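So the protein lines, in turn, are chains A, B and C. Per my numbering, residue 1405 is the first one in the first sequence, and the count goes up by one each step. Per my numbering, residue 1405 is the first one in the second sequence, and the count goes up by one each step. Per my numbering, residue 1405 is the first one in the third sequence, and the count goes up by one each step.
If you're looking for bench data, these hints aren't it; they were derived computationally from the structure. Given the structure is predicted, the values throughout are model-derived calculations rather than measurements. Any given hint could turn out to be false.
Just so you know, same-sequence chains aren't split out, so a pair can sit in one copy or run between any two.
As the list claims (entries may be wrong) - Think about it this way: if two alpha-carbon atoms lie no more than 25 Å apart in a straight line, the pair counts; the simulated PhoX-like pairs of lysine-lysine are:
no., residue 1, residue 2
1, K1717, K1461
2, K1461, K1408
3, K1721, K1741
4, K1717, K1737
5, K1741, K1461
One-letter residues, chain by chain:
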Amino acid sequence: MLEKTFLLSELAERVSGEVRGNGALAIDGLSTIQNADPSKLTFLANPAYQKYLHDTKAGAVILAEGMADTFSGNCIVHKNPYLAYALLSELWNPLGSIEPSISQHASIDDSAKIAEGVYIGAGARIAADVVIGAGAFIGENVTIGADVQIGENSRLYAGVSLYHGVTVGSDCTIQSGCVIGSDGFGFAPSGGGWQRISQLGGVIIGDRVEIGANTTIDRGALGDTVIQNGVILDNQIQIAHNVVIGENTAIAACSAVAGSTTIGKNCVVGGASGIAGHLEVVDGVHITAMTMVIKSLTEPGVYSSGTGVQPNKDWKKSIARLRRLDGTESRIKEIEKQIKLLQPKAED
Amino acid sequence: MLEKTFLLSELAERVSGEVRGNGALAIDGLSTIQNADPSKLTFLANPAYQKYLHDTKAGAVILAEGMADTFSGNCIVHKNPYLAYALLSELWNPLGSIEPSISQHASIDDSAKIAEGVYIGAGARIAADVVIGAGAFIGENVTIGADVQIGENSRLYAGVSLYHGVTVGSDCTIQSGCVIGSDGFGFAPSGGGWQRISQLGGVIIGDRVEIGANTTIDRGALGDTVIQNGVILDNQIQIAHNVVIGENTAIAACSAVAGSTTIGKNCVVGGASGIAGHLEVVDGVHITAMTMVIKSLTEPGVYSSGTGVQPNKDWKKSIARLRRLDGTESRIKEIEKQIKLLQPKAED
Amino acid sequence: MLEKTFLLSELAERVSGEVRGNGALAIDGLSTIQNADPSKLTFLANPAYQKYLHDTKAGAVILAEGMADTFSGNCIVHKNPYLAYALLSELWNPLGSIEPSISQHASIDDSAKIAEGVYIGAGARIAADVVIGAGAFIGENVTIGADVQIGENSRLYAGVSLYHGVTVGSDCTIQSGCVIGSDGFGFAPSGGGWQRISQLGGVIIGDRVEIGANTTIDRGALGDTVIQNGVILDNQIQIAHNVVIGENTAIAACSAVAGSTTIGKNCVVGGASGIAGHLEVVDGVHITAMTMVIKSLTEPGVYSSGTGVQPNKDWKKSIARLRRLDGTESRIKEIEKQIKLLQPKAED
């Protein structure tokens, strides 16, 4: 890969920050504060890393105003160093810009409408009446079903599968192995077995949505499954049919949302959480990792469940006690009764 | 996609229901009771939706006998409205019937036996001695290993991988991204490391089995992993080597069944549950979502675990108390002793 | 598939075991002790299966010294029967040896360096500057990004996706559907939404690493995600960015390790466990299934969490009691106070 080099002053300008020190310094990459070398830019956002600041070998550091005053090296002063780092990181992303091309090893239906500046990799399969917006990236071995729409500059990495009729907005990223538009888990009991319910709805994904590797999003039974603008989903998440996820909500890896549940805007769901079906979670809810959500959450706030790790021996005791709590309750009641009997009566 | 229109009377006939009102009404789709328009058929199965019945704009409603008597609009009277809806849903499924064809971009070993009326998509790879039954659907970029057998009318959607020797019955659906026949997680400790155990068994999948997106089913170590007829598995389920799942059992998304466990018939397993290895779960067990099954379940019934969501502040207290239960126990014992001492003795 | 037959004495020699009985016996496969027939070799490792020994129809049994003395049939005496079985299992693995070939339906960049004796399946996509070692197996519909390195004799089964710059050592196995090198879940809050942080690190996978189906391993944000030599990962595991997993650690299916966590050597993590981010787990830790690890584990030992399955009725009571523990605590305090009041004072 090519090395890309920028002057410190150029980088500062891109994030509207202020250079202190040598603005002409050549920077060829980003690094952590502990491992940086003199051609790298680093940043200090988490106070836990402040101890590394004065010994860092980095060529320059992105710092908040207060910190910058204590630092004698080169720096970019920025009100939000973490955001500045995020913005600059794109400069060194080898996948940052795409080289438009359409592989001769792709198969594309004649009725598909492919805009300008699109990359379509070998083994991509694009069915009838698909519409792909300008600047989109369709990776190797991706399969796109009939009537799918993909917005401008959206990226589908290798091996993604989109079923028929799925809509993806612009500026989305869908990592490898995602499946979107698969049939929801809908079956009617029928004589001891199960009658499949055809899933007739679709999936609508807004703009600037990020979807992690091997995440699955089922199509609606009737009506659509909806992922609103700016939602970010990590790897191996399961979104069932007719779920609605509100704008800018973030969900960490391995979480699952069951059918017809609605999650509000600006929520944060920790990893490996489960949210049962037909619930409502309002805007601004924060669910910590591995939480078992089995009722609607009607107020913003932080929610949790689970018992947390213990040495196995202690855990066994805790669980045994938990199961004996009913007996504990009875003993306390009996004690309270006895104490009443022992206490001097008013009439005494 | 083509619009498909049926007379209300035709639809009633298909499900052996009785029309009340205008049997000549043209119906072009199904809808939820809240969102229907006059060309749609809807249904009332869940009493929670009864409130929408009298204001629905649907052209007609599938209703149970009792409800139908209170309704003046067009309806199909059926003893099981949800099942009737399920049966009719297939009529509007754009994937309902397949157009047989074999893509020139597929690679099919000369020794493979492909029956009549099969669809094989671009990028499908079919190895030696594979047998594919009549009416089967093999989606784009599917890989099928040597000696696999696939029954009639079974469907493998885009990107499925079947390892060598897997057997799939008839009328199955396998959603995108599933992996079936991968090596089970079998290793023998060996000098501080691990010696791989070759997984020599297979996977046998019965008829009318449904498997959700990105679900994985490992091949047996010795002997087979078995999914019996009529089993329905949701997305992202993990079935380890030598598991047996009995007829018509349903497992919701993100659940995992560890090696050599046997699950009976007609069980229901809620989402994100875990079932440890070498256990037996009898017929008719219902496990609620996110349950941790670490012992055999020898009686039918409903089983659960987990602590359920709480506000984070309350959860912290609950967990702290749980860990102090040992101390609580000691205090109660001490109190009981003290009370005995305080009580008047028989000889007093 | 071909039947492969060996003399019992040949098999004994391969594992440096001692034959007792008929070394000239022809063995054509391995089997469980219960289901074996006279042409099969079986083994006895788990004492729970000892009851089957004297009635087994197996042609021969691998036994430890002590057991062999009580057995009159043919046997291989070995100090570790399970390891001997593991070593011999490879003989009957139909994927044991590969037939080198490069499919004409693969697309391979001209700059890729492919060593001798490699198998590359149909639909495999190999980008610029990839290096593939001798004897490697690249399955059907695998996608390999630019600058990837794959060591000798490593195997990537159908449908695996490796992003650019991933390094895989030698003698690794990566099962179908795995995604390695996808972007880590890194976003900076920005004006109510999220600014993506380009993930500039890589993934380094050591030698003899085993990775199960549909497992995902994200690339580092800055610096690499590292899976050390001899690690074994089961299916559907999620490894987030900048995680380090130490040598010979084993992780069972559906577990997730969040960002920047370090797990030591020789650990065992049970299935469906979750390990939060920025933690450290030392060498030799054993975490039981479905454990919620939300703090660093600084001592070797066995750790657990969760409440374990109960009949639903009992579970409801346990959980209700758990939530009332605060009240229980207050009642005990009050009782202790009352008892003090009831007790005769020293000055009485």
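Hint-by-hint comparison with the structure:
no.	hint	verdict
1	K1717 / K1461	neither (46 Å within a copy, 42 Å between copies)
2	K1461 / K1408	within (20 Å within a copy, 61 Å between copies)
3	K1721 / K1741	between (28 Å within a copy, 23 Å between copies)
4	K1717 / K1737	between (29 Å within a copy, 22 Å between copies)
5	K1741 / K1461	neither (71 Å within a copy, 62 Å between copies)
Of the numbered hints given earlier, the model fails hints 1 and 5; all others are met.
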